[in-house]
Each structure stands twice: as structure tokens, then as C-alpha cells.
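Enquirer: Spelled out from the first residue to the last, the chains are:
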Amino acid sequence: MSLETEFYFPSLGLYWIIIVLMMIGFYIVIAHGNLVKKIVGLNVFQVSVFLLFITMGKVLGGTAPILKEGVSTYSNPLPHVLILTAIVVGVATTALGLALVVRVREAFGTVEEDDICALENDA
Amino acid sequence: MIAQHLPILQVVLPLLAAPICMFIRHPRVVWMWAFVTAWLCLPMSVGLLLKVLEQGTIVYNLGGWAAPWGIEYRIDILNSFVLIIVSMIGAIVLPFARRSVEREIPQKRIYLFYTMLLLCLAGLLGMTITGDAFNLFVFLEISSLSTYVLISFGKDRRALTAAYRYLIVGTIGATFYIIGVGLLYMATGSLNIADLAVLIPNIGGNRTVQSGMAFLIIGLALKAALFPMHMWLPNAYTYAPSVVSIFLSATATKVAVYAFIRVVFSIFGDVNILEILPVRNMLMVLAIAAMVIGSAAALYQTDVRRLFAYSSIAQIGYIILGISFDSVTGVTAGVVHLFNHALMKGGLFMVLGLLAYQIGSTKIQDIAGLGERMPLTMAALVIGGLGLIGMPLTAGFISKWYLIQAAIDIGLWPIAFIIVLSSILTVVYVWRIVEVIYFHRPVNPINDIDRAPISMVAPMWILIGATIFFGINTNATLEIAGAAAKALLAGGV
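Line order of the protein sequences matches chains A and B. For the first sequence, this note's numbering begins at 1 and goes up steadily by one. For the second sequence, this note's numbering begins at 124 and goes up steadily by one.
Honestly, the hints are just simulated from the structure, not real lab data. For each residue, glycine too, the CB sits at the ideal point set by N, CA and C. Mixed in with the good hints there might be a few duds.
Partial pick of chain A residues on the chain B-facing surface, computed with a CB cut under 10 angstroms [as the list claims (entries may be wrong)]:
1. Q46
2. V49
3. P79
The shape of chain A in the complex, shown without the other chains (with noise of 0.2 angstroms):
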């Protein structure tokens, strides 16, 4: 129990470094150029969210959702359930992601995405 406690994360500092998180992720997606960094900064923005549901799923002093004999308190093991086919979505999206990015560069011949549009303006 007093483990619990001393490692116990103020929720509130929890909840900024998810947002930083989200943040970086999302300003890599919209500022840059490089199409598979775009994916990379897309996977950061969701694995923010993955830990926004785990966080929640925390219940103060809980332990792992495991019957066992003695302990009453558990964490609740919806989120993480709900997580792992979050996970499984993003997994999907990532490897169709870059399948496209490898096409694009088959058929554009780089994966910038300013080099892109201005082939496409051409075309």
C-alpha cells in the first residue's frame, strides 16, 4: 500500500504529459513535409490517447484486475481492454499508412509532400 502511494503520480501532472504529448504529436502531423513522419507523428498522437484511457482505468490503491483472495480493491480493466483494439486500429492504420507512402514513392518518386503537390499541379 505504501508502494502504491510513494509511486503514485500527482493525476493532474499525469494528464499534462499526455496533453504534451498529444501536442507534439499532432504539430508533427500538420507541420511536416515528410509523408512517413507524418505517420510517425500520428502514432505519437494516438499512443497519447492509448495512456489518457489507461490513466483512467487507475483506481487509487487498485491492483491488477486478477481475483485473488484478501485484496477488494482492483483497477478497472475496461480501458485497457477497450486500448488493446484502440492499439490494434492504430497497428492497421500505420501499416496502410505506409503502404501508400511506399506506392506514393513508387509512383511520385519522393515522399515530400511539397515535391508532390508540385508534380501533381503538372500532372
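Position chain B relative to chain A; hints supplied.
Expert: What follows is chain B alone, placed relative to chain A:
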């Protein structure tokens, strides 16, 4: 026995049929398989609608786990109406697809195309039918991921970049949606839409709930291509294969708008978020901007597909405007326009699909003078265009009539005026097409126009005919939309 499990079959059938396509591989057989699947989905939707009309809301617990712990499929009038739209378009698109896909997509990839089309159908049906906010996210992603792939099948290399951009924007939208769901879950501990509707009024002004609402609305607006979050749409519709443009323009944005309605009127139904002035004003301003700017942008396009893509953005504006009025007439107009616009745009994109098949282009200079050579197809284009304008005797008239009436009912004369203004813009861009078709000489005369196969002409005329049928015979659609609107405004689910 089977009737009892219809709600789940509606989703599971296309979801299971999709991977089987991967094993069949033979293009013709895969098409047959997809065709049968889509045509099985349609009677299910019709059955569900009839059942709902007869005995009210159907609740189906997945795996027998009771809500709010289990996932619940909840079908009311609005759902079943949207289900009909999706499965009807799916069923009509497939006969059209066979020849069009053979022409536009390499032989060895055709089976992958139908796999994705069925997955997209399953995702859209799932989004519509589910009563669980997280389950909705999962189906949203199933339909979105398959949509990105479908768009990238386009012949032009710009299809790839269009798909990539849609992937980025779509994923941000879906992630916003899930942040919203997470925040609501934090505050209420529930993911069930009906349950959320009951729990949220108790915690009223909670800031977590408010920001959750903002995330949900923005996320879904991105998927619905509400102005100014529409930038992904024109390229996606222009460069995707014809069949994909037809299917997406008629269903994908509609289902996103449906989810939007669910959030506004069901999850936040008892809180009446539309009575909070800033929310309502924001939606109205965006809707009006979409109507005017979408129509104005359509004026400048040189490709007819792109022109109709911009017109879609304007039409989404009409639907959202109807919803933002927060009155029975307004919401009825919005819901009925979901249906009517699906018919009109589906029909119009089918005409363009035929053009792509017969003359290999949809550029406005290439259709010059085609009125003589392809009189029937061009007539269909004109009828669809009249529907977009909202001419009496076409389906578009009904929705606009109700929309203007709703605006006047609540004393917003300027908005009624803007609706007319944007209709005039529509007249201008439709006239531009008519002028080119009938009064211009062909720029570079095309000698060989391929014969249009009956399997493509028939579906086109079914949709174009339906815009006239539902323009004259308005009782059925208006009754259903009206009942849905009344149920929505009564609050809760």
C-alpha cells in the same frame, strides 16, 4: 429464430463474406459472391425497418450480455432508415460494379477490391446499427480503413495521395472521436449510448463532459466533411474508381452525419446542447458556409466529378443546417435529405461512371456536345442536376421546402434567403453543364463511344428514377423521417 437475430446478421454477413473473397480470387466469382451478399443485406434492412415500424425500438444484446455491460444493438426508426440507405446503395452499386471495375481495376486485383467493398459495407452498417459508443469507433475504423484502400485503387497516381491525405485526416477524426468517448467514460463510467443519455444530465455542467462533447462533434464532423473540415473529400471522390465514388458519396458521409445526429440528440439529448447558443450558432455558421462556399467552389471546377464532389460538401451543409434548427421540421428536413441526397448523388456519380466507361473522361471539355450522341445518359445527368437544385417533382425539392419552412418557423428569414441563394448557385453550376452538353460543339470529337452495358444503365436509371419517384410520392420518406425527428427531439434514445 433467424428473425430474432437479424440485427447481428446484418453486420456479420458482409463482415464474414469479405475475407472469403480473398480465397475465391476468381474475378467473376468474387463479384457474384459480393453481389449475393449485398442483395441479402437489403431484405434484412427492410425487415428491420418493418419490424421497427410495427413494434418500436428493437434491442439486441450481443452474446446475451445485458447493457450497459454488454454491447447492445439498438434499432429505432432513424437507424433502420439509414440502414436502408446504406444497404440499398450497396445492392444497386454491385450490378453496376461488374463492368466498371473490370475496366478500371487490373484483373488480378479485382478480388481485393470486392473484399474491401464488403468490409466497407460491413463497417458502415455496423456504425449505423450499434448502440455502443466504443463499438461505433471500431466500425468507424473498419469502414475508414477499407475506404482508404478503395480510394487508392484509382488509376490516376493522385488517387494515392488522396487516399494518404484522407488517411491522415480520417485517423485524426477517429482519434478525436475516441478521446471524446474516453472523456465521457471518465465522467459517467458507461459506453452505452442509451445509458450515457440517462447519466449525463445528472452531471450537467461537468467540464470533462463538455470537452468530450467538443471532441465527439469535431471528430465526426471531420468524417462527415463538414466545412471547413472537407479538404480530403474533393480529391478522394475525383480520383477514386467510379464505383467507389458512387458508394462513398451516397453512404459514407451520410453514416457519419447519422453518428453526428446520435451524439447531438441521443447522447446529449436531455441536456439539449443545441439550446446552448454557441453550439447551435457554430453549427449553423459552418452549415451555411458549407452551402455557399461548397456551391461557389463547384462553379470553378473543370472536372465534373470534382464539381459534384464540391456540391456534396454543400449538400452536407443542408443536412447539418436542418439538424441545427432543433425543430421537428428542421430535423425532418435533415433526415429526409440524407436519403434524397444519397439517391441523387449516387445517380449522378453513376452517370459519371458511365461516362468514364464510355468515353474515358469526365472533364467538362470532353462532354461538350454529347447531348446528341448520348441523349439518354445526358438526360439522366440533367435530371440529377435538377434534383440538386431542388426543382419541384424531384426529391431535392422536398428537403429544401422543409428546410426553408423550418427556417421561417423559427423566424430566421435571412437563413431562408441564404438557402435560396445557394440554390441559385446550384442552378448556375448545373446550367454550366447543361450548356456544355447541349449547346457546345465537341472540342476534340470522340469517334468511338463504347456501348453502355445494360448492367450499368439499369442501376443508373433506378437511382435517377427514384429521385423523381420520391419527389412525387413523398409520403413514405417524410413519414419515416418525421417519426425519427419526433423521437429524437423527445430526448433520450
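Enquirer: Next step is simple, just say for each hint if it's right about the structure.
Expert: For each hint, the structure was consulted:
1. Q46: Status holds, d = 6 angstroms.
2. V49: Where the cut-off is 10 angstroms and the nearest Cβ of chain B is about 6 angstroms from A:V49, the hint holds.
3. P79: 7 angstroms, holds
The structure shown violates none of the earlier numbered hints.
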